[in-house]
Amino acid sequence: MIAPAKPDLVTVNIDGQEIAVPKGTNVIEAARLVNVDVPHYCYHPKLSVVGNCRMCLIEMGMPAVDPATKAPIMDPATGKQKINWIPRPQIGCGTNVSPGLHVKTTSPMVKDAREGVMEFLLINHPLDCPICDQAGECKLQEQATGYGRGYSRFVEQKNVKPKRTQLGPRVTLDDERCILCSRCIRFSKEIAQDDVLGFVDRGSYSTLTCYPGKKLENNYSLNTVDICPVGALTSTDFRFKMRVWFLKQTNAIDTESSVGANTLVWSREGTIYRITPRRNDEVNDTWLADSARVLYKAVKAADRLAATETIEVLVARAAALFKSTPGAIAVVGSARSTVEEQFFTRHLATALKASAQLVSRVGQGDKLLISADRNPNVRGALVTGLIKTLPAQQLTDLAAQIDAGKIKVVVAINEDLAAAGLTAAQLAKVSIVYLGAHANATSAAAKVVFPTLTVFEKSGTYVNQQFRIQKTLKAVPAAAGATDDLVVLAQLVAAAGGAALPAELGLLWKVIAAEVPALATMTFANLPETGLVLDATPYAALPFVEGETLHYKPAQPAVAAATA
Amino acid sequence: MNLKPETLSKIDEVITHYPTKRSATLPLLHLIQEDVGHLPPDTSEWVAAKLELQPINVLEVITFYPMFRQKPIGRRHIKVCRTLSCALLGGYKTCAAFEKEFHTHLGEVSPDGEVTVDFVECLASCGTAPVVMIDDELHEKVDCAKAKQLSDQIKAEAKKR
Numbered sequence: 001m002i003a004p005a006k007p008d009l010v011t012v013n014i015d016g017q018e019i020a021v022p023k024g025t026n027v028i029e030a031a032r033l034v035n036v037d038v039p040h041y042c043y044h045p046k047l048s049v050v051g052n053c054r055m056c057l058i059e060m061g062m063p064a065v066d067p068a069t070k071a072p073i074m075d076p077a078t079g080k081q082k083i084n085w086i087p088r089p090q091i092g093c094g095t096n097v098s099p100g101l102h103v104k105t106t107s108p109m110v111k112d113a114r115e116g117v118m119e120f121l122l123i124n125h126p127l128d129c130p131i132c133d134q135a136g137e138c139k140l141q142e143q144a145t146g147y148g149r150g151y152s153r154f155v156e157q158k159n160v161k162p163k164r165t166q167l168g169p170r171v172t173l174d175d176e177r178c179i180l181c182s183r184c185i186r187f188s189k190e191i192a193q194d195d196v197l198g199f200v201d202r203g204s205y206s207t208l209t210c211y212p213g214k215k216l217e218n219n220y221s222l223n224t225v226d227i228c229p230v231g232a233l234t235s236t237d238f239r240f241k242m243r244v245w246f247l248k249q250t251n252a253i254d255t256e257s258s259v260g261a262n263t264l265v266w267s268r269e270g271t272i273y274r275i276t277p278r279r280n281d282e283v284n285d286t287w288l289a290d291s292a293r294v295l296y297k298a299v300k301a302a303d304r305l306a307a308t309e310t311i312e313v314l315v316a317r318a319a320a321l322f323k324s325t326p327g328a329i330a331v332v333g334s335a336r337s338t339v340e341e342q343f344f345t346r347h348l349a350t351a352l353k354a355s356a357q358l359v360s361r362v363g364q365g366d367k368l369l370i371s372a373d374r375n376p377n378v379r380g381a382l383v384t385g386l387i388k389t390l391p392a393q394q395l396t397d398l399a400a401q402i403d404a405g406k407i408k409v410v411v412a413i414n415e416d417l418a419a420a421g422l423t424a425a426q427l428a429k430v431s432i433v434y435l436g437a438h439a440n441a442t443s444a445a446a447k448v449v450f451p452t453l454t455v456f457e458k459s460g461t462y463v464n465q466q467f468r469i470q471k472t473l474k475a476v477p478a479a480a481g482a483t484d485d486l487v488v489l490a491q492l493v494a495a496a497g498g499a500a501l502p503a504e505l506g507l508l509w510k511v512i513a514a515e516v517p518a519l520a521t522m523t524f525a526n527l528p529e530t531g532l533v534l535d536a537t538p539y540a541a542l543p544f545v546e547g548e549t550l551h552y553k554p555a556q557p558a559v560a561a562a563t564a
Numbered sequence: 001m002n003l004k005p006e007t008l009s010k011i012d013e014v015i016t017h018y019p020t021k022r023s024a025t026l027p028l029l030h031l032i033q034e035d036v037g038h039l040p041p042d043t044s045e046w047v048a049a050k051l052e053l054q055p056i057n058v059l060e061v062i063t064f065y066p067m068f069r070q071k072p073i074g075r076r077h078i079k080v081c082r083t084l085s086c087a088l089l090g091g092y093k094t095c096a097a098f099e100k101e102f103h104t105h106l107g108e109v110s111p112d113g114e115v116t117v118d119f120v121e122c123l124a125s126c127g128t129a130p131v132v133m134i135d136d137e138l139h140e141k142v143d144c145a146k147a148k149q150l151s152d153q154i155k156a157e158a159k160k161r
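Chains as they are written, first to last, in my numbering: chain Z, 1 to 564; chain D, 1 to 161.
Check the hints yourself; a few may be wrong.
Claimed, not checked - Cross-link-like lysine to aspartate or glutamate pairs, in silico, EDC-like; alpha carbons within 16 Å at most:
#	chain 1	residue 1	chain 2	residue 2
1	D	K93	D	D118
2	Z	K82	Z	D66
3	Z	K189	D	E52
4	Z	K214	D	D42
5	Z	K111	Z	D15
6	Z	K214	D	E45
7	Z	K46	Z	D226
8	D	K148	D	E101
9	Z	K46	Z	D281
To be clear, the hints were calculated from the coordinates, so they are not data collected in a lab.
Using the sequences provided together with the hints, build the complete structure.
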């Protein structure tokens, strides 16, 4: 492997602190590295720089040199090279570092400039904060407190603009609150590739709007709400539901496809209120699909399964089934289960001397954050050794074996067998042990049903398309009558005569590390927040279905390489 | 969009004047307004398709410039200056005189369809205030009497048609 070339470093001085930063870094990012906050609204690290909010004004200077000889001019008072300060403030976002650049972010001129910008921004901003959803996570609020003058001199009438425009099915716009930073416009154009937002009537009445007759309805529209520094763009789903400071944030993973976008789950007292993206520059940057944000609704769905009997009774019943038909048992695991559950599934299959199979889900990739493989953890099953080849979309082999009478008991984990191609007659022919959170045709036909948890109620890990193992944490307590998948699986393994496995993650990972070579050095606790990339070379020959998405390029198919 | 063939050929020609198609937005809008008299609602989409833009990009431009009209106007456009010199020497009275003559209000099409009266900012003839522009023609020192005379002239021409 070729080591990446070291980026050219440039030494700059920010508020007296010297730091070496890569060439091309702007002043806001350089200052961030020395823990200096340069307030800003329009600048966003993942969008183009426009410099229209003027909040990030800084004072900058360059070391003085003699124009003729280029010799440094020294300051006799300090003995250091003199700095020629530019007498006017500059924008930090649009200023890239250059060698020897000096920056002041706390000088009187900068303070004055910030107060001036804040005053103009607040002129037409309504005093909505008590009823505004953004309150508590509002940049305008924070920076008015941090950098504003503290009182208003404005005695005129504020502008009146539309208060509740539906920009699309999921986004509501309050134009009065908009500070015209244009982040949403740039996001729609540059990231979502759906250029429908713009400013009309530019001037004192500049109004953010969607082109008449069009809607902001792409699957990434809610990112505009995330990046809106004020309460102008709000999520129609989350609007007026809950104060953000009451909510607990839990790191999680988007399970709708193999991209594995990093998310934050916001919950209070066991209820999830919203899901937002969590920055991971290697996976999803700061973005998240809209479809990933409604997944939490599965937690309180009407079709959640709840146990009517204790787990011991259910396990005993499953054990009786296992004993009655040795050698005629099939295990259908899931590529939607966590790595830990798949590890248990493998143990269960081994203990039952059954072959395990998974069900593949393939859709259209959107080239951004939803890949063609709609299972979040196919690679986890490969790494844990649950499967050796990629799963098929239909369980045709299993169906044939059921028809031939070779399989009498099917253990289905989180997979609806009917959706995977088994007919009602085939389901009726076998005894089914079902583990899952929601009711479906399989749970209805099952002899034993273990109600288990949704992803938001349990911790675990997933391996995404980059072979990056990432962890998701439990956001809310388990629903009444549902048991952790790991607890159920551990008891089933024991009932099947397998080894005793701990269902607690810390202990379990010691077992996993010992048994799975690829994960030998890992523990659940020390897995970094941004995940850990595993060695993908053993699986290079497998025909994965993913196309290109953000930060992921599929390896060249072997066939194409051979013909070239 | 129902544009005259010569407008269409002018549009195709003007696009070639610029290194990027986007730059031709303003000239195209001017040409369409000259042809149609105003910019009808489907202008944004038509221009966007022509210049490989999105309609919102064109709408932003149209709404920025007050001289782009999104509604039809009368046969003639009477533009009365209201900037300082004209305002001091009776521009407002002149405007009121025009409104009265044609029984209309600012920005509206007169009932006979002949004119639209509008206030505009400085027409750069402060020495001869108050000034009025009727279509492309500048009229100087337009007091109420001269406003009446100009109105009569327009009405007379209208009768001839």
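Hint by hint, here is what the structure shows:
Of the pairs offered as hints, the one joining K93 of chain D and D118 of chain D holds, with about 13 Å between alpha carbons and a cut-off of 16 Å not exceeded. Between the alpha carbons of K82 of chain Z and D66 of chain Z the distance comes to roughly 11 Å, so the proposed pair stays at or under 16 Å and holds. The straight-line distance between the Cα atoms of K189 of chain Z and E52 of chain D is roughly 14 Å, inside the 16 Å bound, and the hint therefore holds. Proposed proximity of K214 of chain Z and D42 of chain D is supported: the alpha carbons are some 13 Å apart, at most 16 Å.
Restraint check: the Cα-Cα separation between K111 of chain Z and D15 of chain Z comes to about 14 Å, which is no more than 16 Å; the hinted pair holds. The straight-line distance between the Cα atoms of K214 of chain Z and E45 of chain D is roughly 12 Å, inside the 16 Å bound, and the hint therefore holds. A C-alpha spacing of about 13 Å is found between K46 of chain Z and D226 of chain Z, which places the hinted pair at or below 16 Å, so the restraint holds. For the hint pairing K148 of chain D with E101 of chain D, the CA-to-CA distance comes to about 7 Å; that is within 16 Å, so the pair holds.
At most 16 Å may separate the alpha-carbon atoms for a hinted pair to count; K46 of chain Z and D281 of chain Z meet this at roughly 9 Å.
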